[in-house]
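J.: Put together the whole structure using the sequences plus the hints.
Protein sequence lines, in the order shown, are assigned to chains A and B. Residue numbers 6 to 366, in this note's numbering, belong to the letters of the first sequence in order. Residue numbers 111 to 362, in this note's numbering, belong to the letters of the second sequence in order.
Be aware that one or more of the hints could be misleading.
Listed below are the simulated DSSO-like cross-link pairs for lysine-lysine, each with C-alpha atoms no more than 30 angstroms apart in a straight line [to be verified]: (1) B:LYS201 to A:LYS342; (2) B:LYS202 to B:LYS138; (3) B:LYS180 to A:LYS249; (4) A:LYS247 to B:LYS241.
Label pairs and their calculated CB-CB ranges [to be verified]: (5) B:GLY250 to A:MET346: 46 to 56 angstroms; (6) A:ASN176 to B:ASN181: 30 to 40 angstroms; (7) B:GLN216 to A:GLY43: 51 to 61 angstroms; (8) B:ARG230 to A:ASN176: 55 to 65 angstroms; (9) A:GLY43 to B:ARG227: 10 to 20 angstroms; (10) A:TYR26 to B:ALA112: 55 to 65 angstroms; (11) A:PRO46 to B:GLU244: 33 to 43 angstroms; (12) B:THR169 to A:ASN344: 48 to 58 angstroms; (13) A:SER235 to B:GLN216: 37 to 47 angstroms.
Keep in mind the hints are simulated off the structure, nothing from the lab. For glycine and all other residues, C-beta sits at the position ideal for the given N, C-alpha and C.
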Amino acid sequence: MSLFKSNKKIVSNTKNNLITYAILLGFFAFAFIWAQTGEMPRKIQNLLIPLCVYSILAVSLNLVVGVLGDLSLGHAGFMCIGAYTGAVFTNIFETVIPNDFIRFGLALIIGGLFAAIFGFIICIPVLRLKGDYLAIVTLAFGEIIKNILNIVYLGVDSEGLKASIDGTSYNAMLLEDGKTIIKGAMGITGTSRDANFIIAFVLLFVTVMASLNLINSRTGRAVMAIRDNSIAAQTIGINISKYKLIVFTIASFFAGIAGVLFSHNMNSFSASGFDYNTSILILVYVVLGGIGSIRGSVIAAILLYALPELLREVGEYRMLFYAILLIVMMIVNNNEKINDMKKSFMMKFKKNKTVSEGGKN
Amino acid sequence: MALLEVKNLGIVFGGLHAVEGFNLSLEKGMLYGLIGPNGAGKTTVFNLLTGVYKPTTGTFSLDGVKLTGKNPVEISKAGIARTFQNIRLFKKLSVLDNVKLGLHNQVKYSTAEGILRLPRFFKSEKKMNEKAMELLKVFGLENEASTLADNLPYGKQRKLEIARALATNPKLLLLDEPAAGMNPSETQELMDTIRFVRDNFDMTILLIEHDMKLVSGICEEVTVLNFGEELAQGKTSEVLNNPEVIKAYLGD
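T.: Encoded structure:
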């Protein structure tokens, strides 16, 4: 009997997760069917993959900011690593592995793994820091990654890979038959555009599922315990460093995957795109979607990424609308009265439902 | 051999000797009190015994295993659990999750097994839920299992903290002012709970308390600390009537 009560919470958790999955699938079905009818404007078609990319980024950053409770400002850096390693892989193996699907799958794994490795390494010094200091250090690492990749030249010729951080010496090194992959500040051009909406959505779905499963597991509980009270967490035997490393690594892995997706949807991209502003943009999605809420992150990312793009027609008023939307979302999310209204509305809705169901019987 | 053996334990903060020359020997199954005026260093002793602070002098061991200089995680695994003077629950987690966190090192599965929802995840979670509910029942919290810890009334938060500490399967339980902020009837109930825990969990308990009714009611022996040093030690009734102790509490 007593176990029944405890299961109730687990059931309500699963129910909550199912709602999230349903919203995701609804979004996918809507977009997919709309695209199939051929009525979808080009502008919106072009938005579909970036929406998935930024949703994945928001969900993964939420693991660090919302679940672990550490403010990270370098998320775009991990995305950058994923984008570069994935695109380099695809460019090198374009002729070796002719099958787009397999090559892109491998690129995703490699990009994710590289980002995860960097996430792990960067997390080690970050472990000693808290609050503002942690935010500043992650910000610095994000910028370091961007700036280093900004000066790298990489090419492949009959002798193998050639790399340099200096354009002129690189040009001297590369043989006649060589092909340049990374061209310094110009970035990577001509990566095969292997990403499509279905793959992007599947990756988003997997990210959301992995994140929700993580949160509702032994590891997730330990991480949230560290967030709520690190001293108490230690005294019941939770190794803080270990769980921080796990969360940072997983979040970086998904950011890397988002980066690969991003780079395989672009004719060209450069490291300067993965700057501080991008990190902040992702953080805005997390904060406005509700810190710790995976579903909120996805919804906020979709709304806030799509809106400025769709508002391009109103020209310079675009950012004004965007700012108003941000303020409205902030008020709606944090206003107690509105939250109470939302709750009582949901209660009413539930009641009506049970009444109408009862009527049917 | 004593369960907990503390020898000459001390810590210095800057020039301040917060605790100096602290000795203690606890037999298994004992209910022992640590009392003293505010600022006497009682909580510092707890922080030393749980590895939150590293002692500058002295040693302590549990069940013959030397624990001096170990970190809180290692000490928790070795079998010392505690509660806090200012309650430290995981506020945004449910009551059940708080206790399940206490079971963190008792029932294990890996992160990958959790993310991929492999069979061991379900098996372990079921086991954790059962164990946690058992503990919650002992403390009469089974109906609040899905409540957020933050929303529990004060007295129940104290109980939940004890339940969480017991979930780590300790040999020694340290309670830091368990009756703080409780009314007389709640304190009475708490005394029964502490006795129950000692008898049914086969526990050794060391507690800090200002409520002398609770101390004289359940503690077999006490140590009095004053200005970081031991003032008196022995049978509770004798120590509490010691003129030195009364002077330390009430002044001249």
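J.: Hint by hint, say whether it matches the structure.
T.: Evaluation of the provided hints:
With a CA separation close to 23 angstroms, the supplied pair B:LYS201 and A:LYS342 stays within the 30 angstroms bound. Proposed proximity of B:LYS202 and B:LYS138 is contradicted: the alpha carbons are some 36 angstroms apart, above 30 angstroms. For the given pair, B:LYS180 sits about 21 angstroms from A:LYS249 by alpha-carbon distance, which is consistent with the 30 angstroms threshold. Note on A:LYS247 and B:LYS241: the hinted pairing holds, with a Cα-Cα distance of about 25 angstroms set against a maximum of 30 angstroms.
Roughly 35 angstroms separates the CB atoms of B:GLY250 and A:MET346, a value that falls outside the hinted 46 to 56 angstroms. For the pair A:ASN176 and B:ASN181, the supplied restraint of 30 to 40 angstroms is violated, since their beta-carbon distance comes to about 54 angstroms. B:GLN216 and A:GLY43 have their C-beta atoms about 59 angstroms apart, which keeps the hinted 51 to 61 angstroms range intact. The hinted window of 55 to 65 angstroms between B:ARG230 and A:ASN176 holds, with their beta carbons roughly 56 angstroms apart.
Between A:GLY43 and B:ARG227 the Cβ separation comes to about 39 angstroms, which falls outside the hinted range of 10 to 20 angstroms. For A:TYR26 paired with B:ALA112, a C-beta distance near 56 angstroms keeps the hint of 55 to 65 angstroms intact. At roughly 60 angstroms, the beta carbons of A:PRO46 and B:GLU244 sit outside the given window of 33 to 43 angstroms. Look at B:THR169 against A:ASN344: about 54 angstroms separates their beta carbons, and that is inside 48 to 58 angstroms.
Range check, A:SER235 to B:GLN216: Cβ separation about 21 angstroms, and the 37 to 47 angstroms hint is violated.
Of the numbered hints listed earlier, those contradicted by the structure are 2, 5, 6, 9, 11 and 13.
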